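Spelled out from the first residue to the last, the chains are:
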Amino acid sequence: KAGVTQTPRYLIKTRGQQVTLSCSPISGHRSVSWYQQTPGQGLQFLFEYFSETQRNKGNFPGRFSGRQFSNSRSEMNVSTLELGDSALYLCASSLATPGETQYFGPGTRLLVL
Amino acid sequence: AQSVTQLGSHVSVSEGALVLLRCNYSSSVPPYLFWYVQYPNQGLQLLLKYTSAATLVKGINGFEAEFKKSETSFHLTKPSAHMSDAAEYFCAVSVSGSARQLTFGSGTQLTVLP
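Line by line, the protein sequences give chains A and B.
Position one of the first sequence corresponds to residue 1 (the numbering used here), numbered consecutively onward.
Position one of the second sequence corresponds to residue 114 (the numbering used here), numbered consecutively onward.
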């Protein structure tokens, strides 16, 4: 089975712009979660989608949003970018059963200038 | 709410020596516990997980971890370090009902010395 894929892998934006990141889960996985990784804050949960519905959301401002499509692919959007949004954004997919492993993609590295 | 503490942000061992990475968790309900490894410029790879079956969990690449409820610990060990083990290791916890929301520790960078 192909793993979790994320596009693009690298992105450079300027403050005030918006960005959309994409994640394709492992075939058959219906849950997609997003995490932000920074040197200062570590790995933090952004949100989780299941069957096109957001089921869980972390403590991030409303500038961070996402959606999931009927084929389970997910996108996250960050509007009005700030310098502090520079991070590695990781997507993970799972079968959405308790204790089930989340499989991570390689991440999208976003640099905001 | 659950939390994870990883003691030691940097650990150095000699090749062939024992690897011990410490993880303590806090959870008001029985947790699911995970160890992930991250190599430079890559995502996270699962090493092993505890889901209330055996308390001693064996994972990939010779790693194992023991769940100790009385100590709220889930330390990761490997009997003999290899140069390829150099990476960052993350302990994570989730609880029933929010199994897709992982709470991560701050990570431990493992250096293996020749």
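None of these hints come from the bench; they were simulated from the model.
Values in this document were obtained by computation on a predicted structure and should not be read as measured data.
Here a beta-carbon is modelled for each residue, glycine too, at the ideal position from N, C-alpha and C.
Some clues are possibly wrong.
Claimed, not checked - Subject to a maximum C-alpha distance of 20 Å in a straight line, what follows is the list of computed SDA-like cross-link-like pairs (lysine to any residue):
#1 B:K182 - B:Q158
#2 A:K57 - B:Q115
#3 B:K181 - B:A167
#4 B:K182 - B:S125
#5 A:K13 - A:L95
#6 B:K171 - A:T101
#7 A:K13 - A:Y103
#8 A:K57 - A:Q41
#9 B:K171 - A:V112
#10 A:K13 - A:F50
#11 B:K182 - B:V208
#12 A:K57 - B:G175
#13 B:K171 - B:V142
#14 A:K13 - A:L110
#15 B:K171 - B:P153
#16 B:K171 - B:A200
#17 B:K171 - B:H188
#18 A:K57 - B:S125
#19 A:K57 - A:V112
#20 A:K13 - A:T80
#21 B:K171 - A:K57
#22 B:K181 - B:S197
#23 B:K181 - A:G99
#24 A:K13 - A:L83
#25 B:K171 - A:S22
#26 B:K182 - B:S139
#27 A:K57 - B:A167
#28 A:K57 - A:K13
#29 B:K182 - A:G99
#30 A:K57 - A:S27
What the hints assert, rightly or not - Pairwise CB distance ranges (calculated):
#31 A:R55 - B:G129: 24 to 32 Å
#32 A:N59 - B:L159: 20 to 28 Å
#33 A:T14 - B:S127: 20 to 28 Å
#34 A:R15 - B:S165: 45 to 53 Å
#35 A:G84 - B:S139: 21 to 29 Å
#36 A:P61 - B:G129: 44 to 52 Å
#37 B:K181 - A:G84: 19 to 27 Å
Structure-based check of all given hints:
1. B:K182 - B:Q158: Since the Cα atoms of K182 of chain B and Q158 of chain B sit roughly 25 Å apart, the hinted pair is violated (cutoff 20 Å).
2. A:K57 - B:Q115: This hinted pair holds, its Cα atoms lying about 15 Å apart.
3. B:K181 - B:A167: holds (11 Å)
4. B:K182 - B:S125: Roughly 27 Å between the alpha carbons, so the hint for K182 of chain B and S125 of chain B is violated.
5. A:K13 - A:L95: violated (33 Å)
6. B:K171 - A:T101: Holds, because 15 Å separates the two Cα atoms, which is no more than 20 Å.
7. A:K13 - A:Y103: Since the Cα atoms of K13 of chain A and Y103 of chain A sit roughly 27 Å apart, the hinted pair is violated (cutoff 20 Å).
8. A:K57 - A:Q41: holds (17 Å)
9. B:K171 - A:V112: violated (41 Å)
10. A:K13 - A:F50: violated (29 Å)
11. B:K182 - B:V208: holds (14 Å)
12. A:K57 - B:G175: violated (35 Å)
13. B:K171 - B:V142: Violated: K171 of chain B and V142 of chain B sit about 23 Å apart, past 20 Å.
14. A:K13 - A:L110: holds (8 Å)
15. B:K171 - B:P153: Violated: K171 of chain B and P153 of chain B sit about 24 Å apart, past 20 Å.
16. B:K171 - B:A200: holds (19 Å)
17. B:K171 - B:H188: Distance ~12 Å between K171 of chain B and H188 of chain B Cα, so the pair holds.
18. A:K57 - B:S125: violated (36 Å)
19. A:K57 - A:V112: violated (23 Å)
20. A:K13 - A:T80: Within the cut-off at roughly 10 Å; holds.
21. B:K171 - A:K57: Distance ~32 Å between K171 of chain B and K57 of chain A Cα, so the pair is violated.
22. B:K181 - B:S197: violated (28 Å)
23. B:K181 - A:G99: Within the cut-off at roughly 18 Å; holds.
24. A:K13 - A:L83: holds (10 Å)
25. B:K171 - A:S22: Judged against 20 Å, a Cα distance of about 33 Å means the pair is violated.
26. B:K182 - B:S139: holds (10 Å)
27. A:K57 - B:A167: With a Cα-Cα distance of about 31 Å, the restraint between K57 of chain A and A167 of chain B is violated, given a limit of 20 Å.
28. A:K57 - A:K13: violated (25 Å)
29. B:K182 - A:G99: holds (17 Å)
30. A:K57 - A:S27: violated (24 Å)
31. A:R55 - B:G129: 24 to 32 Å: Cβ of R55 of chain A to Cβ of G129 of chain B: about 46 Å, so the range 24 to 32 Å is violated.
32. A:N59 - B:L159: 20 to 28 Å: Once the Cβ atoms are compared, 25 Å apart, the range 20 to 28 Å for L159 of chain B and N59 of chain A holds.
33. A:T14 - B:S127: 20 to 28 Å: violated (46 Å)
34. A:R15 - B:S165: 45 to 53 Å: Holds, at about 46 Å.
35. A:G84 - B:S139: 21 to 29 Å: Cβ of G84 of chain A to Cβ of S139 of chain B: about 27 Å, so the range 21 to 29 Å holds.
36. A:P61 - B:G129: 44 to 52 Å: For P61 of chain A and G129 of chain B the Cβ distance comes to about 48 Å; the hint holds.
37. B:K181 - A:G84: 19 to 27 Å: At roughly 38 Å between Cβ atoms, G84 of chain A and K181 of chain B fall outside 19 to 27 Å, so the hint is violated.
When each numbered hint is compared with the structure, violations occur for hints 1, 4, 5, 7, 9, 10, 12, 13, 15, 18, 19, 21, 22, 25, 27, 28, 30, 31, 33 and 37.
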